[in-house]
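Under the numbering used here, the first residue of the sequence shown carries the number 3, and numbering increases by one thereafter.
A couple of the hints might just be wrong.
[Claimed, not checked] Across the chosen pairs, the derived CB separations fall in these ranges:
| no. | residue 1 | residue 2 | range |
| --- | --- | --- | --- |
| 1 | Leu-36 | Thr-6 | 18 to 26 Å |
| 2 | Asp-19 | Arg-51 | 42 to 50 Å |
| 3 | Gln-43 | Asp-14 | 27 to 35 Å |
| 4 | Gln-43 | Arg-18 | 44 to 52 Å |
[Stated by the list, open to error] No more than 20 Å apart at the CA atoms, straight line, and that leaves these computed lysine to any residue pairs for SDA-like:
| no. | residue 1 | residue 2 |
| --- | --- | --- |
| 5 | Lys-15 | Asp-4 |
| 6 | Lys-29 | Leu-13 |
| 7 | Lys-29 | Ala-17 |
In short, the hints are calculated from the structure, not lab data. Glycine included, C-beta positions come from ideal geometry on N, C-alpha and C.
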Amino acid sequence: MDLTAAMLEELDKAARDLNVSRQAVIKTLVRQALDQHYLAQRAKQPQPRS
Numbered sequence: 003m004d005l006t007a008a009m010l011e012e013l014d015k016a017a018r019d020l021n022v023s024r025q026a027v028i029k030t031l032v033r034q035a036l037d038q039h040y041l042a043q044r045a046k047q048p049q050p051r052s
């Protein structure tokens, strides 16, 4: 993964603030982004009529 120096600094600051590894921050952010993506996809689907 190619990240800018500024992004790495932000990740490292978040990791320090949370007292976890940079990898843990990345995994958490990716999980949140995927969950948000799936929720948005589900919201676009037509809802079944009752």
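At the C-beta level, are Asp-19 and Arg-51 separated by a distance inside 42 to 50 Å? 47 Å, holds
Between Lys-29 and Leu-13, does the CA-CA distance stay at or below 20 Å? Distance ~11 Å between Lys-29 and Leu-13 Cα, so the pair holds.
Is the straight-line distance between the alpha-carbon of Lys-29 and that of Ala-17 20 Å or less? 11 Å, holds
For the pair we were handed, Lys-15 and Asp-4, check the Cα-Cα distance against 20 Å. 18 Å, holds
Arg-18 and Gln-43 - C-beta distance against the hinted 44 to 52 Å: Violated - the Cβ-Cβ distance for Gln-43 and Arg-18, about 34 Å, lies outside 44 to 52 Å.
Per the hint of 18 to 26 Å, is the separation of the Cβ atoms of Leu-36 and Thr-6 within bounds? 22 Å, holds
Can the suggested window of 27 to 35 Å be confirmed for the beta-carbon pair Gln-43 and Asp-14? 32 Å, holds
Taken one by one, the earlier hints fail for this structure only at number 4.
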